[in-house]
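Chemist: Residue numbers (numbering that gives the first Met the number 0), protein chains in the order written: chain S, 0 to 405; chain X, 0 to 405; chain W, 0 to 405; chain Y, 0 to 405.
Some hints could be false.
Any copy, or any two copies together, can satisfy a pair, since identical chains are not distinguished.
Mimicking DMTMM-like on lysine to aspartate or glutamate, the simulated pairs with C-alpha atoms at most 20 Å apart in a straight line are [as the list claims (entries may be wrong)]:
hint, residue 1, residue 2
1, LYS359, GLU268
2, LYS359, ASP243
3, LYS359, GLU84
4, LYS359, GLU250
5, LYS359, GLU221
6, LYS359, ASP403
These are calculated hints, taken from the structure and not from any lab test.
Number of protein chains: 4
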Amino acid sequence: MTPDPGPARDALAQRYRRVRAHTLALAEPLTPEDQCVQSMPDASPSKWHQAHTSWFFETLVLQPLAADYRVFDPGYAYLFNSYYEALGPRHPRPQRGLLSRPALAEVQAYRRHVDQALLRLLADAPPPQWVGLAALTELGLQHEQQHQELLLTDALHLLSCHPQLPAYLPLPRQAPATAPLPEARWLPHPGGLVELGADAAGPAFAFDNETPRHRHWLAPFEIADRLVSQGDYARFVDAGGYRDPALWLSEGWSLVQTQDWRAPLYWREGREGWQVFGLHGLQPLDPAAPVLNLSYHEAWAYAQWAGARLPTEAEWERAARDLPGMRQIYDQAWQWTRSAYGPYPGFRPLAGAAAEYNGKFMVGQMVLRGGSLATPAGHSRASYRNFFPAATRWQFAGLRLARDLV
Amino acid sequence: MTPDPGPARDALAQRYRRVRAHTLALAEPLTPEDQCVQSMPDASPSKWHQAHTSWFFETLVLQPLAADYRVFDPGYAYLFNSYYEALGPRHPRPQRGLLSRPALAEVQAYRRHVDQALLRLLADAPPPQWVGLAALTELGLQHEQQHQELLLTDALHLLSCHPQLPAYLPLPRQAPATAPLPEARWLPHPGGLVELGADAAGPAFAFDNETPRHRHWLAPFEIADRLVSQGDYARFVDAGGYRDPALWLSEGWSLVQTQDWRAPLYWREGREGWQVFGLHGLQPLDPAAPVLNLSYHEAWAYAQWAGARLPTEAEWERAARDLPGMRQIYDQAWQWTRSAYGPYPGFRPLAGAAAEYNGKFMVGQMVLRGGSLATPAGHSRASYRNFFPAATRWQFAGLRLARDLV
Amino acid sequence: MTPDPGPARDALAQRYRRVRAHTLALAEPLTPEDQCVQSMPDASPSKWHQAHTSWFFETLVLQPLAADYRVFDPGYAYLFNSYYEALGPRHPRPQRGLLSRPALAEVQAYRRHVDQALLRLLADAPPPQWVGLAALTELGLQHEQQHQELLLTDALHLLSCHPQLPAYLPLPRQAPATAPLPEARWLPHPGGLVELGADAAGPAFAFDNETPRHRHWLAPFEIADRLVSQGDYARFVDAGGYRDPALWLSEGWSLVQTQDWRAPLYWREGREGWQVFGLHGLQPLDPAAPVLNLSYHEAWAYAQWAGARLPTEAEWERAARDLPGMRQIYDQAWQWTRSAYGPYPGFRPLAGAAAEYNGKFMVGQMVLRGGSLATPAGHSRASYRNFFPAATRWQFAGLRLARDLV
Amino acid sequence: MTPDPGPARDALAQRYRRVRAHTLALAEPLTPEDQCVQSMPDASPSKWHQAHTSWFFETLVLQPLAADYRVFDPGYAYLFNSYYEALGPRHPRPQRGLLSRPALAEVQAYRRHVDQALLRLLADAPPPQWVGLAALTELGLQHEQQHQELLLTDALHLLSCHPQLPAYLPLPRQAPATAPLPEARWLPHPGGLVELGADAAGPAFAFDNETPRHRHWLAPFEIADRLVSQGDYARFVDAGGYRDPALWLSEGWSLVQTQDWRAPLYWREGREGWQVFGLHGLQPLDPAAPVLNLSYHEAWAYAQWAGARLPTEAEWERAARDLPGMRQIYDQAWQWTRSAYGPYPGFRPLAGAAAEYNGKFMVGQMVLRGGSLATPAGHSRASYRNFFPAATRWQFAGLRLARDLV
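Just need the whole structure built from these sequences, with the hints factored in.
Modeler: Written out as C-alpha cells, the structure is:
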C-alpha cells in the first residue's frame, strides 16, 4: 500500500511556490522591453524563460498526470518548446526575440494558470501517482532554477550591449573589499580509486548526467583553496597574456585574434584602470572578487601563465567532497574543468521526452563545476555538471587552479 | 523688411501637430514589445522611428535655431542618429533592436519635449529667422511622414515573422471586391522633349533629389491605366513564373533560387488557394487589389511574362502629369521603374547635414514612383522619387506596365 | 542570289586565327598551376577562359551550322558553360578553381579541335549560310577578346594574392615618365539633342546592348582631356581622401570601413612611398600613368574631392565622338561613368541563347566606357558599354572627370 | 662515452629514403594542377604537403643541427609553416590553394635539396649529436607519414568535388567480396585497473600526446571484433537513420538538417543502389567493406540505432592490446571513440617548437583510434591517438561498436 504523502505534499507545494516566485522576483527589475529582446542567438529573452519553464510543467507534468488539465494556449507548445524533438516542432532559437507576442502580462497569466493547476494536482493526486508526480515536479523545479541563472546571464548580456550600460540593479553595492586577498593555498589530494557521481536511486535529486555513481582512478594532485580573483587576472592581462600565443590553445588563439579579445567579456578599460560590468552596472575592478565571464580558453591561458592547469571534473568533485579547506565552491563562479562533457560509464538518459534534457549535448562542450553568484541557493552540489562550449563567455564562469602532485 | 509670418505660423503649427499626432496614432495598435523589436537589419523598431524623427527636429531645427533649447538627453544623439556622418558617431543600424532602453514611455516624453519647444519656436521665432525655420520644419515633417510609412512596413514585417501572424489591425476589412477587374487599358504618350523634376525654388516642397527641373528626350510609349493586380500576378505565379529563368534578370534568378522565392513576400499557400498577409492579418487573395510587397526582380519578371516592361521614371512622371486616365497613382502601391536612382543633371544636395539626406544613396538602387496605401495623404507628388535596392521586398511596392510605342 | 563570300571568307579566317592565337600568347607567361587556380569567385582560371571561349564557338556556331561536327567532349558543356540558362545546367562559377581536370594540355587540344572545325566551316559553308555564320563567328571573336582582357585581369589578381607578388611579365619596363604631366584641360561640349548608340543593322559589329541608336537630350558639360593619373590620385590619398566620409557615397564609405580600403587595390606602401602592382610586378608609382584598379566608389570620391564629377555615359560617348582633344580614350583604363547599366530605349536582346549575353545583367551595375591597356586593339569603340558592380576593383578601371557647364 | 651509432645511421638513412620516396609515389597519379588546388579550407594541396614536410626537416632538424646548411629559399618559411606560432608568421591555411608558385617541379627540387642535406647529416653528425638527431629525424618521418595519409584524403576530396568524379587510381579493383560478411562477434573485456598510453622514455617512437603511461579504471565491456561494414550502414540509412532525431546528438541533428546529410560523404545514390566514391573512383557499394568517411555524429547515430555505443579510447586501447580476436584494427578505417581529445594525466608537451605539434589542439576534438587503408604500414600502434572535430567527414573514418558488460 502506498503511504500517504501528506507532509511531502505540503513541503513540495511550498517549495514550488517559493521557486516560482523567485523567477518573478528576478525579472522584476527589468522592463517589458528588456524582457522581450534577444541579444544574441545563445541568449533568450527573460519573457521566454518565464514562459518556457511554465510550458515544461504543463507538458511534462500536467498534461500526462492531471486528467482535467486545460492547456492555456495550444500555440504555446510551438513557441516555448526549447529543444525537445520528441515534443514536436518549435520556434527557432535564434528568433526568440521576434516573439513580441504574447505580451509579458499574458506570460504572467500563463504562469498563474500553470501554478494553480500544479498546486491543485500536488494536493489532489491519488497516492499511487505521487512518486512519479513528485519526481517530475522536482525535475521541473530544478529546470526552473537553471533558467533563473540563465535569466540573469542573458539579461546582463542584453544590458551589456546597450551603449549606456544600464545596471540591472542600480543599488549601490557595498564597498569592495580593500584588504589584499591572501595568496591561494594549495590543498593536496592523494588520489587513488575513488567514486564519482550521484546514485540515480538515491534520496537526493540529481540530473541523469551525474549518474551512475562509478569508480575512477585518480592520480595525486593539489588544488587551490580559492578562485582566481580579478586582481590575479588583471596581472595576467597586464603582463600581455592576450598577446602571447604560447599560452593559448590553438582554437583559443584564433578567437583572440578574430574576435579581438583583450580582457574578459565585461571588462572595460577606463582612465583609472579596469572597470567591470556586472549586475550592479559598471564598477571599478575589485581585486579580491573572483574573475567572471571567462571562456574556457581564457581560463586555460591563465592557468598556463600561472604555471598550473585546470582541474579535471573528477579532481574537482573529490576535492569538493574530501578537502575541508576548499572555499568559494558553489556561490561565486562556475569553474571550468579540463574535462569534456560526456557520458559517464554506464550512463542511461531519463525515460521519455526528458531523455533529451542532458544526453544529446554530450559532445563539443566542457564541464564546469561548482556554482555562481547567480545560482539559486541549494541548487548545486558536488556531483553537479554544468557544461558550455569552450568559447562561451557570457556565463558567470571563472576558474580554480590545480597541479599534478608528484 | 520681412513680412509678418503670422498666418503661416499658425498653419505650420497646426500641420506640425497633425503630422506628429498621426505618428502616435499609427503606433497605437502596437504593444510596447512590438515597438521595441527589430525584425531584420533593414527594418527599425517603431519606438526607434518615433525617437529618431524627434531627434531630427531637435538636431536640425531646435539646436541651431532655438537659443534656449535644452537637449532632452545628450545620449540620444548617439542612439537616434540614423546615418548622418556629419552629426557624429551613432548606434549601428542592425542593432537598433537591442535598445530596450529608453522605454516607450520615455520616448513619448521625448516627443512631447520636442513638440513643446518646436511649437514655441514656431510661435516666437523673430521674422528674419522665419523662412529658414519654416523650411527646416517642413523638411522635418516630410521626414516624419516618410518614417510613418516605414513604421508600418517595419511593423508588418515584424508581425509577419511571428508564427501566429498577428494582425496589426484586427478589425475585419470590408468584403473584398468580387466584381472582376476590367483589363488594364493602355494610355499612349507621344514623348518628345519634356521637362522632369521639381523646381528647387518653387513654392511647393520637394526633396533635393527631385531637382533641378530639367529637359529630357522621351520616345513615344504607352502605359497601363492601372496597377497589376493580385489576380494578374497569381496567374503569373500559377503559370510557373518563378520557375522560368528566361523571365528573370540574372541577379533576380539567383535570388529566386538561393532564397527560395515562390510568390510575393507575404503570400501563403493555403488549402483554398493563396492568402495574403497585410495590415489586417492573413486574408484570402483579393484578385482586384494591387499586388504588393514585390521586389524589383519580381516586377521585372512579371513584365517580361506579360510581354511588356517597366516604365522609366521619366515616362512615369510625364504619364502622371499628362494622362488623365491614369489611376491608382499615389494611394495603392509604389511602382518600380526601370530607372536606377541617380543624380539629375545639375543636381546639388542640400546644404549642411541635410546634404546626406538623399544624395549619398545614389548608387545601387532603383526608383519607385507614386505612393502606397501607407503613404500619408498629400505626401507624394508627380516628381517624388522613392528608391530601394532591387532585392527589397518588404515595402508596399507593386508595378504598372509600359510598352514602347512604335 | 547570294554573292560569293570568297574574300570575306579569307579575311574572317585570318582574323579568327589571329584572335585565337592571341589568347594563347597571353596565357604563355603563366604556368599550368597559375592557369588552374581561381583567386576569388568573381575571377576565373586562365584555363577556364580558354576552354569557355572554345565552348562558345562549339555551341553557338559549330553545333548549329556544321552538320558533321563532332563534339570534343560532351562533358565540357557542363564544365564550360558560363551562365546560359538556355544551354543547360553548369558548374557553379565560384567552383571553377576546383576543375584541376581537364589539364591545360587537354584544353589546348580542345582549342585545336574547335579551330580546325571552325576554319573548315568558314571555308566550306554554302553561301546561304554565310551571313549567319559570319555574324556568329564575329560574335564569338568579340567574346574571345572580352575574355582576353579578363584573362589578364584575373591572372593579375591571382598573382596579387601571392605573398611574393610574382610578375606576370618579369621583363623590366621602360623607365617611368619623369616629366611632370601637364594639368588636364577641360574640353567643353554644347550638349543638345544628340544621338547615342550603335545601329544594329550597321556595317560594324556592335553588341546588342549598344543598340538601338536613339536620341538623348544633353545639357552642356565639359570633360577632361586626359585620365586621372597616379600622381593625381596619390594627392587624394595623401590628403586623407580615404578617411573623409563626406566624399563618399554611403555604400562606398561602408566598404572603406569594412574592407579597410586605404588606396587602390594594388597599391602597396613602401619605405620610399607608394608602389603599384601591375603586369610587370611591383613598381614605384608612376605619377604620369593613369590610375587603375579603382572601384566606382573610389572614382566617385576622387571626383568629389576634385570638385568635379564623373561623366554620364552619354556625355562620354559624345565627347569621344565630337571632341578632337580627347586623349587616352581606349588604350589605358576603362572609365567609370555615373550611369547605371540599363536598357536603351527600344532595346531588344539578340535572338536565341545569345539573348542572355548582355541583357540579363541590366541591374545593379555601372557603365564603364573606353578601353584599357588590356583591351585588344580594335575591340572597343565609342558606343561600347562595359559594366561592373560599383564595388569592383580588380578591373583595369580608372576615371576621367567632367563638370556641368552653366 | 657515446657509442658509435654506425648501424643505426644506416638504418635510419634507409628508412628516411623509403618514407620520403613513398610521398612521391603517392603524388604520382596526380597532375600538377591536381596537386595545386585546395578543395576546402581544411584540406591542403598535395604540393603543399610535399613542401611542408620538407620545411619541417629543414627547420626542426637541419637548421639547428647542420652547421653549414643553406636554406633552399628563405621565403618558404612563410609559405610552408603550417601552424607553429613559435616559428614566425605564415600563409593563412585557407589560402594555400592560391600558391600556384612555387611550381611542382620547384617543390620537388626543394625535396631533393633537403634530402641530400639530411642524408649527409645522418652520415656525418658527430656521435654526441646522434641521439637528438635521430629523435628529431624520426619525428620528421612520423610527421611525413601523417601527411601521406592527409595527401590521400585531401586528393580524394578534391576529386570528389569534380562533377566527373575522376579516379585517383583508375585501375580496376578486384571484384568486391560477394560472400556475406558474418555477424560481428562481441569480445568481452573484464576491465579493472589498467595501464594506458606509451612510455615517453621507451624504445619505440610515440607522440607526446600518447604519454605518460598511466593508470585508468575500466568497467567491464565488450567490443565488436570487426568494423561496421558498408552493408551494415546501408541498412541504417535505408531504415531512415538520417531522418530520426532521436538517434542523433543535438549538434549532429543540426548538421543533418543544415547540410542535408543523407548518407556518408562519398555515397551517391544510383539507379541500382548506392555507389561509393573512393580512391578507385565510383564503385558499387561493397557490403563487406568497412564503411568510411563518417563524421563522429554519424558513427554515434549508427551506434544508437544498433543498440550499442562507441568505445572509449581506453576501452579501444585495452581491447587492441588484450583481445586476440580483434580484427581490422590498423588497416581499414580510423575508429571514432566517444572520448574527447585531451591531455593524459601528467602530460607534458615536447620541448621547443615541437610543443605545438599536438598539445595545443586538446579541445573540441574527438579521438579516433586504429588506422586506415591510407595509413602507412607500421605507422600506427595501440596507443596512437588521432583526433578530429566531430563534424569531420573527409577522413577515412568508420566505427567499431562496444557495449557495457553488466
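Chemist: Compare the structure with each hint and give your call.
Modeler: Hints, verified against the model:
1. LYS359 - GLU268: neither (40 Å within a copy, 29 Å between copies)
2. LYS359 - ASP243: Close across copies (13 Å), not inside one copy (36 Å); limit 20 Å.
3. LYS359 - GLU84: Answer is within: at 11 Å inside a copy they meet the 20 Å cutoff, but 36 Å across does not.
4. LYS359 - GLU250: Between copies only: 8 Å across chains, 24 Å inside a chain, cut-off 20 Å.
5. LYS359 - GLU221: neither (33 Å within a copy, 23 Å between copies)
6. LYS359 - ASP403: Result: close only across copies, 19 Å inter versus 32 Å intra.
When held up to the earlier numbered hints, the structure conflicts with 1 and 5 and fits the remainder.
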